[in-house]
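Visitor: Chains as they are written, first to last, in the UniProt record's numbering: chain A, 1 to 276; chain B, 1 to 276.
To be clear, the hints were calculated from the coordinates, so they are not data collected in a lab.
A few of these clues could be false.
Since the list gives no way to pick one copy over another, a pair counts as held whenever it fits inside one copy or between any two copies.
Distance condition first, Cα-Cα at most 25 angstroms in a straight line; then the derived BS3-like pairs of lysine-lysine [claimed, not checked]:
1. K186 / K101
2. K148 / K265
3. K99 / K178
4. K101 / K265
The chain contents come next:
2 protein chains.
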Amino acid sequence: MLFVIGLGLGDVTDITVKGLELVRSCNIIYLESYTSILPCGIEEMEKFYGKAIVIADREFIEQRADEMLSQAKHLNVAFLVVGDPFGATTHTDLIMRAKDKEVNVKIVHNSSIMSAVGCCGLQLYHFGETVSIPFWSETWKPDSFYDKIKRNRQNGLHTLCLLDIKVKEPTIESLTKKTLEYLPPKFMSVTDAADQLLSIIRDKVESGEADLAFNENTLFVGLARVGHDSQKIRACSLIKMKECDLGSPLHSLVLPAENLHPIEKEYLQQFSENQL
Amino acid sequence: MLFVIGLGLGDVTDITVKGLELVRSCNIIYLESYTSILPCGIEEMEKFYGKAIVIADREFIEQRADEMLSQAKHLNVAFLVVGDPFGATTHTDLIMRAKDKEVNVKIVHNSSIMSAVGCCGLQLYHFGETVSIPFWSETWKPDSFYDKIKRNRQNGLHTLCLLDIKVKEPTIESLTKKTLEYLPPKFMSVTDAADQLLSIIRDKVESGEADLAFNENTLFVGLARVGHDSQKIRACSLIKMKECDLGSPLHSLVLPAENLHPIEKEYLQQFSENQL
């Protein structure tokens, strides 16, 4: 049987009691390690579970997932995922492949940024489509998420912006070599995201586009390490967000709707230096 | 200190390890009991936690929350919530009132239907605004959620419909009496919801409205008891959903986008009797 177990967002104790019991009963434990940040060091997790952990990075999922599914035919195999098991398309795909191979699958849900973002006080049912903001390069600066943000804003909805993560990205030079070499992991901060958003807005202004979704004075909410003890939230203008150091990853950014419910406004106030 | 602890969606073991440790360390434990269904009987919960539980129903939250907050000034008080602490506006309001009174608050996140709905295979970042479908009465048949569903559909997004819960609703006759009497609890099923949606569509057709958001043949996804062992998911047309018995509550309904991603379609297929 394959147990796909969400670890939640905080530290090692954010696994559910059910999840922990299952991990401890499994023969082999894989830990998905490339769509998020691990709650703590592997050693600490191994100690807490009382079990050895096999790291499953992108290469593993792409090349050796079948091996894992074969094991799950006659053994109890745990596949641990930061957040909730259905947070990333890769995991949905894996679960489907398991079912194709007639491997029984059990899911253990946990907290995900998609719901935990409520911690800033903005109501979950007032969020529109979630967008992802990718790292720009010199030559690749996609901004298709802008239209989604704009649509949410026009419809009076908040937008959760998930910020890019680059883990185990091969260097361009090594792609043609036998052994891949990797870039250091990179996590987009609210500063990086604000910088890219400001750049988009400048371009829109220059090209004479009216009716912008936001400008440099628009209120944004930056969130860092949601669910951790060191969680930080800051509500400020986009231009200030660019200078805002929320510390280590993961970060997320929210563009609230223009008109806030009084409870939302009052709750957000605690994260702002100015009167909202 | 006030600990607001999410219990997740399944049984008593869906609390996180962190949450359980905190509950066991608290002096007083309240359990919010009117925005969702409890994971099991109170006795089972008390046995699992090794602690007595005080039920906090709507009257309690409205009339005696200040008492709880005063206790939390010098005692460790747990407030347990099914799902995630930020799932309902009431809880956000309570946390704000605690902060106003300078009571320290710690949140323990958990799974919520807003993210666990991903279990049907529809990608979370393709969901638009969530809507709530209320029970209709003879004289009160609101359908403002239809416009939101339509907007999501037009924008190529899925819609999660949360279905109404009526717990501890006073009878109209008892409202003028000294002692309130209560109606039996009522939970909207996917059948009830489909019935109301079909009725809305019939009205729209009669009034000559073109470009409907859906019709009786449109694919819907019904979900029951998400996160429980007895979880059931069914993908079928709206007209079939009206005859679909998914068993005991809670139920949710999803209207998928018209164009599905191949992985979404393949995943949904397992819940359908027909070729999607």
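Visitor: What hints, given by number in increasing order, does this structure fail?
Guide: 1 and 3
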